[in-house]
Amino acid sequence: MSSTIAESSNGAESVVLDLHKKFIETSQSGPDILALNRKALDQFAKLKFPHRKHEMYTFVNTKDITGAPFSLKTKSSSPQEFVKQHVYAGCEHSHLTLVNGILCSELSDATALGTAVMVGSLTDAVKDEPIKTALQESIEQENDVFASINSAFMTQGIMIRVGKDKQIEAPLQILNISTGGESGPVMTVPRIYVHLEPLSELKIIVKYVGEEGNYFVNSVQDMVVEENASLTHIQVQADSTDAWHFSKNRVHLKRDSCYRGYQATNGARLVRHHNEAWLSEPGAGLELSGVSVLVDDEQSHQFIRVHHEVEHCTSQQRFKNIINHRARASFDGTVVVNKGAQLTNSDQLINNLMLSDEGHADCKPNLMIFADDVKCAHGATVGQLDEGQLFYLRTRGLSEAVAKEILTQSFASSIIQEIPFAPVIEELNQTLLKKLKAN
Amino acid sequence: MLEIKDLHAGFEETEILKGISLSINKGETHAIMGPNGSGKSTLAKILSGHPAYEVFSGEVVFEGKNLLELSAEDRSLAGVFMGFQYPVEIPGVNNAEFLRMAYNARLVNEGKDEVDPLDFDDILQEKMNLLGMENKYKERNCNDGFSGGEKKKNEILQMAILKPALSVLDETDSGLDIDALRVVANGVNKLNNEDNALILITHYQRLLDYIKPDFVHVLSHGKIIKSGGKELAHELEAQGYDWLTTTN
Ligand SMILES: Nc1ncnc2c1ncn2[C@@H]1O[C@H](COP(=O)(O)OP(=O)(O)OP(=O)(O)O)[C@@H](O)[C@H]1O
Ligand SMILES: [Mg+2]
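Protein sequence lines, in the order shown, are assigned to chains Y and A. Going by this note's numbering, the first residue of the first sequence is number 24, and it counts up by one from there. Going by this note's numbering, the first residue of the second sequence is number 929, and it counts up by one from there.
Hints were generated in silico from the structure; no laboratory data involved. Be aware that a few hints might be false.
Taking lysine-lysine and the DSS-like style, the derived pairs with C-alpha atoms no more than 27 Å apart in a straight line are [stated by the list, open to error]:
hint, chain 1, residue 1, chain 2, residue 2
1, Y, LYS427, A, LYS1091
2, A, LYS1066, Y, LYS460
3, A, LYS1040, Y, LYS427
4, A, LYS933, A, LYS1154
5, A, LYS1091, Y, LYS457
6, Y, LYS460, A, LYS1040
7, Y, LYS457, A, LYS1066
8, Y, LYS226, Y, LYS189
9, Y, LYS86, Y, LYS69
10, Y, LYS427, A, LYS1064
11, Y, LYS427, A, LYS1066
Required output: the full structure, derived from the provided sequences and hints.
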């Protein structure tokens, strides 16, 4: 079953507003979600699409997206074979498949998770009053216009809740499949809400793939990690090369909780990750790392805001980009250390490896510190392969091409090897590193 | 095996080697000594094909081939090995894997099949035993965080794996502790035979006590100012370079 809701033309914002009218008429998400959709649309109208100098989009040109007459797609099935191909070893009985942002139960199997994990929809989630309030607030305070579009069009999404003191052994995979558009670009709005109760543990691997090109996956993940809980969140962006991929992560960390995020970017027409985290109680720790390998005209952008709201929290960011041909990458990351957030420990390191003269990397690591007893460091590099290392390898009989390949791979592998899920490491060694080989 | 004829070289406009001639036959060990900055490492790097250096005139013939025309990798495959004075660190590249790739590149060049990691491990282990090297040399990344002496040992391990016809060892002894020097020197001696040759660049007599040179050359200001047998090294040790540079 496939149905497309037609779009209108003229005025970037009015495209969205018109699309929303039609969406509301046909949506079956129930009054609570619809109310959130409307609230989000108001926020969208306030925020508007970014102009060239928008502080959140300094390095990202969104004109192709804002101008495009996107439609929504409600097709929610995908060939079984295609799904199988993308389910990781170890997740055969712990994966949820979203097709165009809609949970497809025939293509999902969560039996290995047991009863300790509650998997439901956003409709289920908002039955819980505190969750509803939290979602409402985040929609009202949304600062990213594309995330507000996600909220305006979100339907059932997925809610995952891990019970108190439950450590989930099975890694949970969420497979996001975009089926692409037969007649013009399609926007999908996957939405995930993850809540870890105190002392619980969960590892989620979110993979994004496309059956064909020409789609815009605009996803939002809300994650709440309560006291002493620990969430590992691996995102593998493996969309078709024609796709646009925007993703916003909102992470709320409570006392002594821990979030580890890993983002692997295979590249696409335009990829943008927006990570925002609040370390709101002492002892919270955040680790965020990412690697992207970009060729041809691919683009990948990182926008990060980490808020150290109280004392004794740590955050660490490590990002590496490999840029070939005319590809572009940017990093815009700020760590905000609030007044009173003493003994904050934070560092940020971005390394760009340029393999061509036409590639482009922008870096804006930034610290905003309002406390005096903190340890914060940041650094960024943009460089080429090391001549001395290249020569050394060649004196051992390795050709220049092989030597370059070895050094390029080793640049990426320091991030890849740290991903705490072997099947993803293996996959990235194939996919990311293969991209380097072809050159 | 190696014939260097009136070699003038340096980089950009600067001439560092000012007419070097040297003839090395199979089975011979040549020591090159000389004051700091005299051009010893420059000679070694030029022999190994470092792209930063330029040859202005002269020739270098290695086993009938014009060595200067070959790329760094082709020189290596042809059998020239360079043990660096300052080996570079390559973080992110496992040492054992790197050694296997280098070993396989040689096999492929000889038209042979590559060895798989398990078979290579046997080959590697044998050489490591020969040089008294612990397992960490396999497990760690190439020279990454190695101490000065460990890096030098790793150079000799590579030499042992690649079995070159001509090895140029640039101050392999500096940085090695007394015991390591003995072990490494014994290892080098075991690798030596009538078919290969060795150029040892060193400042110290001690290395030459272990690896006996057939010839000793003194390089000063880019020229070989004196050549002799191993007794020359003793004289240098006793008197320094002054007596040579002032009498020449
Ligand atoms: N890349 C370079 N750039 C500038 N000068 C250089 C470079 N390499 C070598 N030189 C100069 O060339 C001269 C010879 O250097 P070389 O390293 O060959 O000396 P060496 O005999 O090996 O000395 P040492 O005993 O200290 O190792 C020195 O004056 C040195 O400063
Ligand atoms: Mg030197």
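Between LYS226/Y and LYS189/Y, does the CA-CA distance stay at or below 27 Å?
Holds, at about 12 Å.
Would you check the hint for LYS427/Y and LYS1064/A, treating anything up to 27 Å between C-alpha atoms as holding?
Holds. LYS427/Y to LYS1064/A sits at ~25 Å (cutoff 27 Å).
Verify the proposed pairing of LYS1091/A with LYS457/Y, using a straight-line Cα cut of 27 Å.
32 Å, violated
Within a Cα-Cα threshold of 27 Å, do LYS1040/A and LYS427/Y meet the stated pairing?
24 Å, holds
Take a quick look at whether LYS1066/A and LYS460/Y sit within 27 Å of each other, Cα to Cα.
25 Å, holds
Taken at face value, is the distance from the CA of LYS1066/A to the CA of LYS427/Y at most 27 Å?
Distance of about 22 Å is within 27 Å: holds.
Keeping to a limit of 27 Å between CA atoms, is the pair of LYS460/Y and LYS1040/A held or broken?
24 Å, holds
Verify the proposed pairing of LYS457/Y with LYS1066/A, using a straight-line Cα cut of 27 Å.
26 Å, holds
For the pair supplied as a hint, LYS86/Y and LYS69/Y, is the alpha-carbon distance within the 27 Å limit?
18 Å, holds
Between LYS933/A and LYS1154/A, does the CA-CA distance stay at or below 27 Å?
Holds, at roughly 16 Å.
Quickly compare the C-alpha distance for LYS427/Y and LYS1091/A to 27 Å and report which way the hint goes.
24 Å, holds
Consistency with the previously given hints fails for number 5 only.
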